[in-house]
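*Asks:* Okay, here's what each chain looks like letter by letter:
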Amino acid sequence: MRDVTSAVEAGELRKSYGGGRGGGEIRALDGLSCSVAAGSVFALLGPNGAGKTTTVRILTTLSRPDAGRAAVAGIDVLRRPGRVRSVIGAVSQRSGSVSELTGYENLTLQGRIYGMPRRELRRRAAELLGQFGLAEAARRQVRTYSGGMRRRLDVATALVHRPAVLFLDEPTTGLDPEGRAQLWAVLTRLASDAGTTILVTTHYLEEADRFAARIAIVDRGRVVAEGTSDELKARLQGDSVLLDLGDAGQVERARMALAQVSQVVRTTSGGAVVRARVTDGPRALPAVLAGLEADGVPVLSVTVARPSLDDVYLHYAGRSLRQAEGSTLA
Amino acid sequence: MTPARQAWALLTGRYLRQLYRQPAVIGITLTQPIIWLLLFGALFKKVIEIPGFGAGNYISYLTPGVVIMTALFSSSWTGMSYIEDSDAGIMDRFLTAPVSRGALIGANLAYQAVTTVVQSAVIIALGWGLGASFPGGAGGIAALIGVSVLIALAMAGLSNGLALLSGQRETLIAASTTIVLPLTFLSGAFLSLRVVPGWIAGVARFNPVNWAASAGRIAIGAHPPWATVASYSGLLAIAVIATAAMSTWTLRACQR
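So the protein sequences, as listed, match chains A and B. Quick note on this note's numbering: the first sequence kicks off at 1 and runs consecutively. Quick note on this note's numbering: the second sequence kicks off at 1001 and runs consecutively.
Hints may contain errors.
Selected chain B positions facing chain A (in silico; Cβ < 10 Å) [as the list claims (entries may be wrong)]:
#	residue
1	R1005
2	L1011
3	G1013
4	D1085
5	I1090
6	M1091
7	R1093
8	T1096
Hints are computed from structural coordinates only; laboratory data are not their basis. What you are looking at is a predicted structure, and each value in this text was computed from that prediction instead of being measured. For each residue, glycine too, the CB sits at the ideal point set by N, CA and C.
Bound conformation, chain A alone:
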């Protein structure tokens, strides 16, 4: 393995898909750039349709960009896709395990494709099956596996040949909370113990927040913000005051009243809840409440929140992750 500090480099990636029936072109990537340090967990966070999957497909040689550069483990993805394939592991959104083969057979098939010697492969397969809690199910056909077991096998299969960089596209989608926790436990251990670089896409804020060393927020085919979870939050320089009015009809009045309060940077609302961004939550609270009371707006409950990653997303993408999700799915 070459000594590189940056395990993944994507520069100004652009990709459009030819129009569907409407004739319009779909711009999947619009100048996406990111850089992943070797041996770390890096999350691409964004709603469906933001361009995360397209980025992973380009980096794993499944697709070619219209423009831009990409390198994995120091190897140019566009010029030497064959060499990239031998140093990466990829887990796609849609499993990848062969249902009629056993867990053990899926692993050994993959290992033999990479040319691993039989004896080493046997040892490696047993090691991975143990590590992923699949030792008991090793000789069973994959079609008998639960969703979580199958996903763990998918990841184990991608790791057989000890790749330098592991790509996972929405690995926890469809898993129950326990399955997600188990998978993340393995992934974080992998990065810290084996030094494997992990690039993962997710639309779960909590996952990116808890497990990724660095996060790139992707919206409409570009990275709109990048940093550690704490850095991203700190950059917002502000807390939120959440006001539950108990009546959606009062929201407009409340927002007008809050606009007069100097500490309030801006307001957003959903249902009967108004969210006021303030420079310093605890200090601004009295002024906020006084402002509402002066205009006679009733308040059921008040919560002061430090910025969440959802706030970060809202700040950089101009809409909340949930809203973005809704608009792309609609």
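Guided by the hints, dock chain B onto chain A, whose structure is given.
*Replies:* Relative to the frame of chain A, chain B by itself:
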């Protein structure tokens, strides 16, 4: 670690193991030709009485026809495995590993060849049990199996290309059915071309299924003219190369 050179062989093994784990599929595949042999054997029993048909025993005439037809039918579904593999993420798994595109196509064709050899041998044995005779002996039987493999590979290449191009089960099913039945019936598989309308005999001359059926039937007869068998086989081999190249090209083009 250097990637396996014989990735195609590993993937062929995977297909065979998958088939072995689905005994119902094996059962149905082997039952079908029995039905064809019994059904067509009864239906067309009297055709040999038509003057000029040129065969003494219909089951002897029919057996190579059913061998070729079954090879054609089975291989016309082979593209389905690409559609299933794509939907299950298995295609992406292999395409991100050091497996060449040629190996992906090659594995599928090798698997098709193996299953066709077994299937054809079983049908020949069944035909023999029902009274077919093979005056050409072992060499003739081997040649019949050989041409059945060639027609299967040519059809498999076409099926793979259609599957990769459309990516949809419905399209593949519709296209296969539309292609396979006319090809079979515009050939001498069931009826001697001497007793069919002239235009059908004319079309059949350009039909690869007819090349295979004719070559197979000639080969199992007494004192076969091997040059004729060889020239039909050569034409079939060209068809195999053409469709395999087409499907490999489609696989590359699909990867946008």
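*Asks:* All hints, please: hold or fail.
*Replies:* Comparing the hints with the structure gives:
no.	hint	verdict
1	R1005	holds, 8 Å
2	L1011	holds, 8 Å
3	G1013	holds, 8 Å
4	D1085	holds, 9 Å
5	I1090	holds, 6 Å
6	M1091	holds, 9 Å
7	R1093	holds, 4 Å
8	T1096	holds, 4 Å
Going down the numbered hints, you'll see the structure goes against none, and every one checks out.
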